[in-house]
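Read off the chains here:
There are 2 protein chains.
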Amino acid sequence: MGDMFAVVQSLEERQARTAIIVGAGYIGLEMAEALTTRGLAVTLLEQLDQVMPTIDADLAAPLADHLREHDVNVQHGTKVRAITANGGALTVDTDRGNHHGDIVLIVTGVRPDTELAATAGAELGLRAAIAVDRHMRTNLPDVYAAGDCVHTYHRLLDRHVYLPLGSTAHKQGRVAGVNALGGNATFAGSLGTQAVKVFDLVTAGTGLRDHAARDAGYDPVTVATTDDHKAYYPGATPIRIRVTADRSTGRLLGAQMLGSRGAEVAKRIDTFATAISYGATVADIADLDLSYTPPLGSPWDAVQIATDTWRRTVGASA
Amino acid sequence: MGDMFAVVQSLEERQARTAIIVGAGYIGLEMAEALTTRGLAVTLLEQLDQVMPTIDADLAAPLADHLREHDVNVQHGTKVRAITANGGALTVDTDRGNHHGDIVLIVTGVRPDTELAATAGAELGLRAAIAVDRHMRTNLPDVYAAGDCVHTYHRLLDRHVYLPLGSTAHKQGRVAGVNALGGNATFAGSLGTQAVKVFDLVTAGTGLRDHAARDAGYDPVTVATTDDHKAYYPGATPIRIRVTADRSTGRLLGAQMLGSRGAEVAKRIDTFATAISYGATVADIADLDLSYTPPLGSPWDAVQIATDTWRRTVGASA
Numbered sequence: 072m073g074d075m076f077a078v079v080q081s082l083e084e085r086q087a088r089t090a091i092i093v094g095a096g097y098i099g100l101e102m103a104e105a106l107t108t109r110g111l112a113v114t115l116l117e118q119l120d121q122v123m124p125t126i127d128a129d130l131a132a133p134l135a136d137h138l139r140e141h142d143v144n145v146q147h148g149t150k151v152r153a154i155t156a157n158g159g160a161l162t163v164d165t166d167r168g169n170h171h172g173d174i175v176l177i178v179t180g181v182r183p184d185t186e187l188a189a190t191a192g193a194e195l196g197l198r199a200a201i202a203v204d205r206h207m208r209t210n211l212p213d214v215y216a217a218g219d220c221v222h223t224y225h226r227l228l229d230r231h232v233y234l235p236l237g238s239t240a241h242k243q244g245r246v247a248g249v250n251a252l253g254g255n256a257t258f259a260g261s262l263g264t265q266a267v268k269v270f271d272l273v274t275a276g277t278g279l280r281d282h283a284a285r286d287a288g289y290d291p292v293t294v295a296t297t298d299d300h301k302a303y304y305p306g307a308t309p310i311r312i313r314v315t316a317d318r319s320t321g322r323l324l325g326a327q328m329l330g331s332r333g334a335e336v337a338k339r340i341d342t343f344a345t346a347i348s349y350g351a352t353v354a355d356i357a358d359l360d361l362s363y364t365p366p367l368g369s370p371w372d373a374v375q376i377a378t379d380t381w382r383r384t385v386g387a388s389a
Numbered sequence: 072m073g074d075m076f077a078v079v080q081s082l083e084e085r086q087a088r089t090a091i092i093v094g095a096g097y098i099g100l101e102m103a104e105a106l107t108t109r110g111l112a113v114t115l116l117e118q119l120d121q122v123m124p125t126i127d128a129d130l131a132a133p134l135a136d137h138l139r140e141h142d143v144n145v146q147h148g149t150k151v152r153a154i155t156a157n158g159g160a161l162t163v164d165t166d167r168g169n170h171h172g173d174i175v176l177i178v179t180g181v182r183p184d185t186e187l188a189a190t191a192g193a194e195l196g197l198r199a200a201i202a203v204d205r206h207m208r209t210n211l212p213d214v215y216a217a218g219d220c221v222h223t224y225h226r227l228l229d230r231h232v233y234l235p236l237g238s239t240a241h242k243q244g245r246v247a248g249v250n251a252l253g254g255n256a257t258f259a260g261s262l263g264t265q266a267v268k269v270f271d272l273v274t275a276g277t278g279l280r281d282h283a284a285r286d287a288g289y290d291p292v293t294v295a296t297t298d299d300h301k302a303y304y305p306g307a308t309p310i311r312i313r314v315t316a317d318r319s320t321g322r323l324l325g326a327q328m329l330g331s332r333g334a335e336v337a338k339r340i341d342t343f344a345t346a347i348s349y350g351a352t353v354a355d356i357a358d359l360d361l362s363y364t365p366p367l368g369s370p371w372d373a374v375q376i377a378t379d380t381w382r383r384t385v386g387a388s389a
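These protein sequence lines map, in sequence, to chains Y and L.
Using this note's numbering, the letters of the first sequence correspond one by one to residues 72 to 389.
Using this note's numbering, the letters of the second sequence correspond one by one to residues 72 to 389.
Extracted from the complex, chain Y is given alone in its bound form (with noise of 0.2 angstroms):
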């Protein structure tokens, strides 16, 4: 919160008209709307090859041109090497070219805020973040974490990442809580389940993806389908989706999805989310009874959709 109080003191300051965002992962994206819409003109670097680089390309590369449609200067594949002041405006120099700004925001991670901890004694663990065990209790005694401070237990994974994310943080800081006060609780752990809204789409993903699942053991496959919905009715758009699942037992291991607002993308992940907690495979989710009326979907979820033709694609063995 502080933070952005002082970005928006800052652009008033400055009167900026441009703004220069080093890092397209959601933090940048959302920034690139917001800025945008304050009515600055954007320009958004990122050094690896794509926009949000928790989703898979094919779903990148649209959202990508989503932000060009809205007017932001996306610039993939860009390494920042310096950031210098000239009077008011700043330059940002990247291995390919110069930009210039009134404003930069450098938006690269997360780096977990463990000062007081570790002064105190507590253990630090994977990316230097707390290390709590599923009850979110630290080596000290008395002492829990949870929140971006802590590594967290991964649900598929059945190891601690760092995955600071605002849902588990609150997740985390109530099984805090209820242990502190005498209670028995543990962190059930997290999927990475994410959203993000960018200007009208929204991409959401949920599990592993390809490279994730085949480095924690299993033979990922990951299959795409564009779902057209009810086509005939108006105000229809499509919906990309990318489902993960195991090659041999089907068990569903991720999706991925990018969609308009209004196509409940981020709630169709949460069916994924739920259905890979209980174990799912594939085949199961066309079991599911889940919601059909013409306006929002088709008599066969997205969801479905999307799984099916996963086993039409690996084949009748899983």
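To be clear, the hints were calculated from the coordinates, so they are not data collected in a lab.
Don't be surprised by glycine CBs; every beta carbon is placed ideally from N, CA and C.
Wrong hints could be hidden among the right ones.
The calculated label-pair distances, taken between Cβ atoms and stated as ranges, are [what the hints assert, rightly or not]: (1) Pro305/L - Asp184/Y: 24 to 34 angstroms; (2) Gly333/L - Asp358/Y: 23 to 33 angstroms; (3) Asp120/L - Gly333/Y: 32 to 42 angstroms; (4) Asp299/L - Asp164/Y: 43 to 53 angstroms; (5) Asp358/Y - Met75/L: 25 to 35 angstroms; (6) Pro133/Y - Thr297/L: 28 to 38 angstroms; (7) Asp358/Y - Pro305/L: 35 to 45 angstroms; (8) Asp299/Y - Pro124/L: 25 to 35 angstroms; (9) Thr125/Y - Pro212/L: 53 to 63 angstroms; (10) Asp271/L - Gly192/Y: 50 to 60 angstroms; (11) Gln80/Y - Asp299/L: 21 to 31 angstroms; (12) Arg285/L - Ala132/Y: 50 to 60 angstroms; (13) Gly350/L - Thr125/Y: 28 to 38 angstroms; (14) Asp271/L - Arg205/Y: 38 to 48 angstroms.
Knowing the structure of chain Y, use the given hints to seat chain L on it.
Chain L alone, transformed into the frame defined by chain Y:
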């Protein structure tokens, strides 16, 4: 489809300006919206004390208000006694006065069309629908049946009911097709999941409502929540939620929602439908890693806020 083309033809030939709809189930509500959008003055008559009798009265009341805001003359608790033609106009005589219209639609339910099957010797069951097993087999050798003409296995009730829905028909049709070709598929069952859009609102539900759960031998408690989402976010709208679960076990039995079209109500019901399929308790819902982004929800999703409210209301025993 044929009925709908006939309605459109009749509207055009008669240059209809007023319509009376008898029956305020989902077809009646959809027709009220469609005819209003077409410019007709619509009166909606329902003999029961609420519109949309498949949802609880607490959700039906704001839905009726919404119809009235869109100039639909909603009259529930009104029994139709006769319909008479006098020249071009039609008069609907009810126990609470007469209504005049250029066209009258009767949308008071679905009757299975089973004459062909019955003549061939197919056994009929509940509501004179074709009796089938969970393989969609009739009593006739090599004859399978699926869709609105058959009774439907209900997953929570563990018995057949008459519940004709498009999503169910598709699933049953696939099972019948697989088995007719020599495969071995079983219909997993319906939860009665439904959704309907009415102007700018969507209502959706899944599973058992209080009275149905009680009839089935559960000890249900239904708790209402209104989730105000991120009230600070522009365009956020409240979602009304009713959760039904078993008092002693906390087993989730059903859920109903009402919210604006953009509030992803239908696909939030799918989270409940998926969880119910796996036998989830209300406590289990808090552990789900559901998607969060401020434009679309809160760190504890509306689904979780509703189940947590149920737990706080019913007490620690669940």
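Evaluation of the provided hints:
Judged by the Cβ atoms, the range 24 to 34 angstroms given for proline 305/L and aspartate 184/Y holds: they are separated by roughly 30 angstroms. Remark: the range hint 23 to 33 angstroms for glycine 333/L to aspartate 358/Y is upheld by a beta-carbon distance near 29 angstroms. With their beta carbons about 33 angstroms apart, aspartate 120/L and glycine 333/Y fall inside the hinted range of 32 to 42 angstroms. The beta-carbon spacing between aspartate 299/L and aspartate 164/Y, approximately 46 angstroms, falls within the hinted interval of 43 to 53 angstroms.
Look at aspartate 358/Y against methionine 75/L: about 31 angstroms separates their beta carbons, and that is inside 25 to 35 angstroms. Separation of proline 133/Y from threonine 297/L is about 36 angstroms and conforms to the stated range, judged on CB atoms against 28 to 38 angstroms. Restraint check, aspartate 358/Y to proline 305/L: a C-beta distance of roughly 39 angstroms satisfies the suggested window 35 to 45 angstroms. Between aspartate 299/Y and proline 124/L the C-beta distance comes to about 33 angstroms, which sits within the given range of 25 to 35 angstroms.
Distance hint for threonine 125/Y and proline 212/L: a CB-CB separation of about 55 angstroms, consistent with the stated range 53 to 63 angstroms. A C-beta distance of roughly 56 angstroms is found between aspartate 271/L and glycine 192/Y, which places it inside the suggested range of 50 to 60 angstroms. A hinted range of 21 to 31 angstroms for the beta carbons of glutamine 80/Y and aspartate 299/L is consistent with their spacing of about 29 angstroms. The hint said 50 to 60 angstroms for the Cβ distance between arginine 285/L and alanine 132/Y, and at roughly 53 angstroms that hint holds.
Roughly 32 angstroms separates the CB atoms of glycine 350/L and threonine 125/Y, a value that falls within the hinted 28 to 38 angstroms. At about 43 angstroms, the beta-carbon gap between aspartate 271/L and arginine 205/Y stays in the expected band of 38 to 48 angstroms.
The structure agrees with every numbered hint stated previously.
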